[in-house]
Amino acid sequence: MGRSILQASVTDRGLVLDPRTKLFMLLNMAIFVLGSAGGERVQALTPLFCAMPAVLLFSARKWKTAITFVILFILSYSMYTIFGPMTTGALHYILLGCSGILARFLPSIMMGGYLVSTTTVSEFTAAMLKMKLSEKIIIPLSVMFRFFPTVFDEAASINAAMRMRGIHLGGRNAGGILEYRMVPLMTCCVKIGEELSAAALTRGLGGEVRRTNICNIGFKVQDIIFIMISLVPYVLWILDIVGI
Amino acid sequence: MIEIKNVSFRHENADEGSIHDISLTIPDGQCVLLCGESGSGKTTVTRLINGLIPHYYEGEIQGEVIANGLNVTSSELYETAKIVGSVFQNPRSQFFCVDTTSELAFGCENMGMPEAEILSRIDRVTEEMNISPLMGRNIFELSGGEKQKIACGSVSALQPEIMVLDEPTSNLDLNAIEELKETVLKWKASGKTIVIAEHRLYWLREICDRVICTQNGRIAFDMTMTDFAALTEEERAAYGLRPLFNEKGVRPVGNFSGTKTMTLNNFNFSYDKDEALNIPKLEIPIGSIVAVTGNNGAGKSTFSRCLCGLEKKFKGTVTMNGETLKSKQLLKKCYMVMQDVNHQLFCETVEEEVQLGMNDENAGDVQKILAELDLDGFAERHPMSLSGGQKQRTAIASAMLADKEILLFDEPTSGLDFRHMEQTAELLSSLKSKKTVFVVTHDPELISRCCTHILRIENGRATEFYS
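Protein sequences appear in the order of chains U and C.
In the working numbering, each residue's number is its place in the first sequence (first place is 1) plus 1.
Take the second sequence: its position 425, counted from the start at 1, is 408 in the working numbering, and no numbers get skipped.
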């Protein structure tokens, strides 16, 4: 997963949604599934809601992730609703705790996973620009996303070096694993970060004009459908509040 | 026209200035080679022209630099960026975007150009540089040469009149250098003023009109390429410069007399379904120094990773001294000195560093080995505070103390000047007959100085092995 943070390949990713739609759906997951807001009627709909990340992951051809998610979710949800009431005492609490937490967190995590694995940095930047965010936020964020693959690359090389030195779990220097990794990782990342900024500055980053963006994003039919679905719980919630 | 007027510069934390009172005038359309030893000030000159000095690398500066009428020293970097384009050494760290198309657009986007204009510029650049197959790809999956092409393209899209290249071939193989050469020739033909700071000189013979050599922060000589080519290689070497003419067909040094061999069996490896390596059997003399050559992507790094036991799924073996070593044992017998040696220095002092993972029987030899590798004065220093060569030697010392039989060097001389390259060659030669050494390299000068054998890998196969 780590390597695929905002590194989607532009071709072959199935249903293309605007990053803003994805963000909106992620927000909804957090509010209604994780935060269980919205009252009884909305909560009755949550299983349906949780199907959304599965559908999206399938559409993006992330078969493995999607299937694991569906199985885990069904397991934990049925544990929670069927076996939960049947047990008592400590077992009851353990079961309820584990399955409850999993069933609540999983859909949001999957939605987040879908967001980062099917969006490119440029699309994300373009979306932030369209949401009228300040460049003071956009530039540091895009640098951060650019940096993930670099950090993973560096960490992989350091890991290889550690294995050749016999530093691994179960080896005699196992105690130092974290320390030994951090020092070179920091050194390398600082150096790369410095060179990266220099290269970006010589290409005019940080000028006074507002940046443009060639990335073509915008709401299409599929976005409207998903946004409509995502609006349902809000409508129900408002209806609840006004008392209908 | 670039005018550098009486410029001196001292980095913020440095005791000494990096350049002293340099004055230069480079007329429009001229192509200049800046050469000289590491630390002689050529990178400083390139940074003065693109404005990174004094706006990014801060320090004490006197004098000023004018590029096409713009005072670079006092203007903001994004103003300079419209006139001066820069290509750097490290392909890993000069990309802001993750996909190639956005990278080409990056500079233009920063200028706030309209979308249609940017797209037409991208089209033009991809056509000019034949990089349409690279469009829409993830930059992290490209080879070093392809990355450098994208870097050139991204600068080209901004259409600056001046191009500054700082050691652009450090990480490139011979084919990629040829392609870079073509790109630079196109820039030259379109009338751009070009400044290239470089250690490898031969590819610039037909490109540059003028050669400026720096030494201790001053200009040692400033002559035409014709005059420079008339110097003897010895005269060039005296300035710390590498040869201008590369001999065709590199020969390894012949004086190797070892008779014992080790056998690499079944060196096959695939990533998913793509076969990356296929060497059924290969005999390597024990104690030899083998240069591993081949183009980027030919399978050299897969070969290295398999040999060092870093690929868990690798099924091949090495037979030496009657033992057959599998991946796990290879991990204990082999050690790779990486291109970026910073990845493998973990401890707080050199002494601790070399003792980490040491075979306890060697405890008495620590001082001896440090002395052998000229590190005896540095035992208490932090490894990260050492110079590049010293770091390399620290890594070697740790491998010696850990009883590694096979040492593998990944591009040990990339970006090194003549003197440091010679030092590395001497260091490698000193390992001859003690360890079996593999050197993955693109550097013909290194090979002809210290390697006893050459192994050529193409498309994952060992196409040639000779001494």
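Rather than coming from a laboratory, the hints here were simulated on the basis of the structure.
Take the hints with a grain of salt, since some may be wrong.
Not the full set, but computed from the structure, chain U residues with beta-carbon under 10 Å of chain C [to be verified]:
| hint | residue |
| --- | --- |
| 1 | Ser37 |
| 2 | Arg42 |
| 3 | Arg105 |
| 4 | Leu142 |
| 5 | Ile159 |
| 6 | Gly177 |
| 7 | Lys192 |
| 8 | Ile193 |
Far from chain C, some chain U residues (derived; all Cβ distances over 10 Å) [stated by the list, open to error]:
| hint | residue |
| --- | --- |
| 9 | Glu41 |
| 10 | Ile95 |
| 11 | Cys216 |
Glycine is no exception: its CB is placed at the ideal position from the N, C-alpha and C atoms.
Would you check whether Arg42 (chain U) satisfies its interface hint, that is, whether its CB is within less than 10 Å of any CB in chain C? Constraint on Arg42 (chain U) not satisfied, violated at 43 Å.
In terms of Cβ atoms, is chain C entirely out of 10 Å range of Ile95 (chain U)? holds, 36 Å
Would the stated hint for Arg105 (chain U) survive a check requiring a Cβ distance to chain C of less than 10 Å? Violated - the Cβ of Arg105 (chain U) stays beyond 10 Å from chain C, reaching only about 32 Å at its closest.
Interface hint outcome for Gly177 (chain U) [beta carbon to chain C under 10 Å]: holds, 7 Å
Going by Cβ atoms only, is Ile159 (chain U) closer than 10 Å to chain C? This interface hint holds because 5 Å falls under the 10 Å limit.
Any Cβ of chain C at or closer than 10 Å to Cys216 (chain U), or is the non-interface label fine? Not fine: 7 Å to the nearest Cβ puts Cys216 (chain U) too close to chain C.
Min Cβ distance, Lys192 (chain U) to chain C: is it shorter than 10 Å? holds, 7 Å
So, as I understand it, the hint says Leu142 (chain U) touches chain C; can you test that by seeing if any CB pair is closer than 10 Å? With Cβ-Cβ at 13 Å, over 10 Å, it is violated.
Per the CB criterion, is Ile193 (chain U) less than 10 Å away from chain C? Holds - the Cβ of Ile193 (chain U) comes within 10 Å of chain C, reaching about 5 Å at its closest.
Any Cβ of chain C at or closer than 10 Å to Glu41 (chain U), or is the non-interface label fine? holds, 44 Å
For the hint on Ser37 (chain U), does the least C-beta distance to chain C fall short of 10 Å? violated, 36 Å
Comparing the model with each earlier hint shows violations of hints 1, 2, 3, 4, 11; every other hint is respected.
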